[in-house]
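Assemble the complex: chain A is given as a structure, and chain B must be docked to it using the hints.
Respectively, the protein sequence lines represent chains A and B. FYI, the numbering used here numbers position 32 of the first sequence as 497, with every residue one higher than the one before it. FYI, the numbering used here numbers position 64 of the second sequence as 179, with every residue one higher than the one before it.
Keep in mind the hints are simulated off the structure, nothing from the lab. Every value quoted in this text rests on a predicted model; they were computed, and no experiment measured them. None of the hints are false.
Under 7 Å between C-beta atoms, here's a sample of chain A residues computed to sit facing chain B: (1) 496; (2) 507; (3) 508; (4) 562; (5) 564; (6) 565; (7) 566; (8) 567; (9) 568; (10) 569; (11) 570; (12) 572; (13) 574; (14) 575.
Every residue gets a Cβ at the ideal spot worked out from N, C-alpha and C, and that includes glycine.
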Amino acid sequence: DVKVTQSSRYLVKRTGEKVFLECVQDMDHENMFWYRQDPGLGLRLIYFSYDVKMKEKGDIPEGYSVSREKKERFSLILESASTNQTSMYLCASSPPAGGSSYNEQFFGPGTRLTVL
Amino acid sequence: AQKITQTQPGMFVQEKEAVTLDCTYDTSDPSYGLFWYKQPSSGEMIFLIYQGSYDQQNATEGRYSLNFQKARKSANLVISASQLGDSAMYFCAMSRPNRDDKIIFGKGTRLHILP
Numbered sequence: 466d467v468k469v470t471q472s473s474r475y476l477v478k479r480t481g482e483k484v485f486l487e488c489v490q491d492m493d494h495e496n497m498f499w500y501r502q503d504p505g506l507g508l509r510l511i512y513f514s515y516d517v518k519m520k521e522k523g524d525i526p527e528g529y530s531v532s533r534e535k536k537e538r539f540s541l542i543l544e545s546a547s548t549n550q551t552s553m554y555l556c557a558s559s560p561p562a563g564g565s566s567y568n569e570q571f572f573g574p575g576t577r578l579t580v581l
Numbered sequence: 116a117q118k119i120t121q122t123q124p125g126m127f128v129q130e131k132e133a134v135t136l137d138c139t140y141d142t143s144d145p146s147y148g149l150f151w152y153k154q155p156s157s158g159e160m161i162f163l164i165y166q167g168s169y170d171q172q173n174a175t176e177g178r179y180s181l182n183f184q185k186a187r188k189s190a191n192l193v194i195s196a197s198q199l200g201d202s203a204m205y206f207c208a209m210s211r212p213n214r215d216d217k218i219i220f221g222k223g224t225r226l227h228i229l230p
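For reference, chain A alone in the conformation it holds in the complex:
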């Protein structure tokens, strides 16, 4: 059974703290994604990675960085957390589409982060 796991379901941090959100997939997928979900805004892409050590900015990368040292693990880092980063964070993975339009993404359970 395909599996994407995230390190925490709920996380509470203080303003200015460095925050690490971890995502692990066991499907040997090349692609991994970090999204942020806010009410009325849907899912917005923060960063994605096509391979180990490869990363590209998504639509809202400001205030975030990522790390992908191993194929199965993709970390999202908030260097100095701020209250406007309170949100639901979703990680996803997918195999390379190879030009196919069918590139289903498999999601983790999400991390609900609150920054006080």
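Leaving out everything else, chain B in the frame of chain A:
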């Protein structure tokens, strides 16, 4: 620019009735895929159904069907015989395989099934 529009922020439907969730898309690419995901209150995104732009027939998966109207750039999700467990957030999404492996999501529709 590619875009997904879901015009219904919320819907209330009586149990056992059929439900149609609207989705329109905008792309100039000839090849694309359309997806629907369900997100229950637990938060996990669940893949429901997929339609490729070259598929001649509408996709169906159990009680879910995708009403694909290519000329209108419409990809509505139809849920037949709704159940209380269908109460969730639903997202329409689109792939653009000629560009990259990303998927673009709409803002979602929250569906409430009433007993």
